[in-house]
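*Asks:* With the hints as constraints, model all of the structure from the sequences given.
Keeping their order, the protein sequence lines are chains H and G.
Numbers 1 to 320, taken from our numbering, label the letters of the first sequence in order.
Numbers 1 to 436, taken from our numbering, label the letters of the second sequence in order.
It is worth saying that the hints were derived from the structure and are not from the lab.
Using C-beta positions, here's what the derived DEER-type ranges look like: (1) R115/H - K392/G: 31 to 37 Å; (2) K198/H - K34/G: 24 to 30 Å; (3) T299/G - F183/H: 46 to 52 Å; (4) V206/H - S332/G: 32 to 38 Å; (5) V116/H - D354/G: 41 to 47 Å; (6) G83/H - R126/G: 29 to 35 Å; (7) V291/G - V206/H: 28 to 34 Å; (8) L356/G - K198/H: 57 to 63 Å; (9) V291/G - G181/H: 45 to 51 Å; (10) F232/G - R115/H: 26 to 32 Å.
All residues carry an ideal CB built from backbone N, CA and C; glycine is no exception.
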Amino acid sequence: MNPYFGTDFFGCIGLMFKRLCLFFIGLGGPLCSDELQVLVLFLAGITASLLGTFLVLKKTTMLANSLSHTVLLGIVTVVLFFGVQSIDEIQLGGLLLAAVVAGVLTSVATEFLIRVMRIQRDASIGLVFSAFFALGILLVTLFLRNSHIGVEAIMGNIDAVTTGDLSLVFYCAVGVSLFIGVFYRPLKVLTFDELFAKGIGIPTGVFRYLIMILTSAAAIASFRAVGVFLFLSLVVTPPLTMRLFTHSLKKILFGSILSSLVFAVVSVALSRHMLSVYMIPLSTSGLFVTLSGAVYLGGILFRNSGLKWMVKRGILPAHE
Amino acid sequence: MSMFFDSATRGPIFGSFLMCICAAVSGVLVFLRKRTLVGETLSHATYPGIVLGGFVCAFFDGLVSPVVLLLCAFLFSLGGYYLLRLIEEKGKVDPDNALCFTLAFSLGLGVLLASQLQAESPLWARRVQSYLYGQAVTLTDTHIYLYGILTAAVVLFVVIRFREIEVAIFDRVFASSVGVKLKGVEAALMFLLSISIVVGIRCVGVILMSGMLIAPSIVARQVSRSLGKMIFFAALVGGVSAALGTGIAFYYSTSLESGAKISLPPGPVIILVASLWSVLAVFFAPSRGLVFRLYRSVTFHLRCQSENLIKSIWKKAGNGVTRLKDVLACHSQQKWLLRLLIWKLSRDGWIIVDGLGGVSLTRDGFAKAEHIVRMHRLWEVYLVNHLGVSAKKVHRSAEEIEHILSPELEKELLSFVGNSTHDPHESPIPGQGGVL
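*Replies:* Shown next as structure tokens:
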């Protein structure tokens, strides 16, 4: 029996806070579905927005878009290699293999089209991801004998998350945080001035591939929970929102983590609220994306008028 | 073959043929504007529109025709474009990031709405879902007429406004100076793009629509150089891939029905067929394909090598005979390659190799060698006298240019060099009256 049954928005948040506190000090029972959802969304959000900050600042988010399409090919490789029967069975090793395959294949194919074949950049990216996605969908449909996988890839199926998903997302979050923590300085230099980074001997190519591989690992880990496209929203939206209000890389990173936490809790609680009070079953991941997107759009509009207002009142100097 | 005429399969095959022609035509236009990824975003932006159309259809339950879906999709696609502009201009965001955000946001909105539709009307939710990957199999003759008219309208518009579009795409400065309204053309292009996307999603699906915009354009760009030809080829490739892909998907769906129930979604199959064309074009297209470019560079390289061989025979022997071994010793290339080139040169009548290891130039070979040396030395004179390059540095550049200079360039060079008889290193220039 789900303890959240029938709770409203604030009741849900309160209960969740209590139960999670109990769980982490070791007194709580097993995690129930809503708590799993919050944790998975939160961890997926952290992973995606940490990587997303660098992708957004480097203006290469369309490559993340490519990756979110091509991870299906990586998953196919795992299906062939490990002989898994459904996506739930993918373990850490499989995840890594799939991520490497997808990340490297996408980068190499795109670079090949641009450099060797001299096809314009946008069309190269587009051709690679649409062709790979088409191939991936067909192969997954055939090998897994599952014709719903295409829809699931887009929608995600957050109601069905398991502790297996949680552990995958957890590994990813830890891996990505470590990566960024250890290589913070070179990553920062690389993001803002690639030529300078090359000049002082940072292996920019290696870092580019590592970021691609980590991004595809994160995409695959959150594949079942939020689907590949909503993952994309987790990548771009928090950094873009934070970028509106601050120029500091650290603030963007920490702000993105905070916003992932807030939106994870709010979207799960709101979806529970809608179900309990209005009997409307809304998609939690859809809510997550729509809410965070709406906040960003609001931010764009609010920021401009807010700045004008502050200039008019003399709070800010006019040249800002 | 018979499936092209069967009344059940005719609809899907001809329908998708028409739909993808439309996509390919407007795909070429955004391709040349280098904004193909806008197509990706706008096609994803239609998804919440389709779901909303599903709500309307479910609410009026059979009173309105499914054309409402298309109308909503069209409006949302235009809305997506305005959202994109808003973010780019007001938020001062890089276009790539704006595209990515708009794409993800609209899909998220779509998923949110779809979950509500699922609760309200599972029937319409399922129909809406089929737009994700396309549902060409259920196209009927009515669809052929509807989509045929839309496609014809798009193609007609492009044909009528061809000049303005061409100028606006290729030379924006010139276009605005002759009074073409660039903003108008841009808006018209986005309008066309949205219509084509709406026409195409029924067949290819929201997710993969951008592939249908891009792949035919790549093929067309590889094989043609003018806008008119590009549009024609793209339409051809798009239409044929759609018909083929639908045919394949249809064939497999029906033949597997006895065993496992797997129906191939037509969208991915169509995109795969189109991508296959573009991969072929990227490798094998005449003049722009990789294979052709490699062939050209290898043959040029070989021609340079054999000309160098002739030249060194000329230097060693002049009109007489020299030892082949000595000639080959001057060249650092692989021995087998040099042997091959020598064999080819003697077969083509430039040189004569006798049985005793000697080699001499034929009359043609001699003339050719003199010509090459003449080019080399003329170029050196030109560089030193007219461009002020130091005489020590000109040799390397002349080594390269001697294989490239054409008779027209030779004439031009002569007009500069005039009657110099010797090159900067005091060697006489053949054909200029200098003493050898």
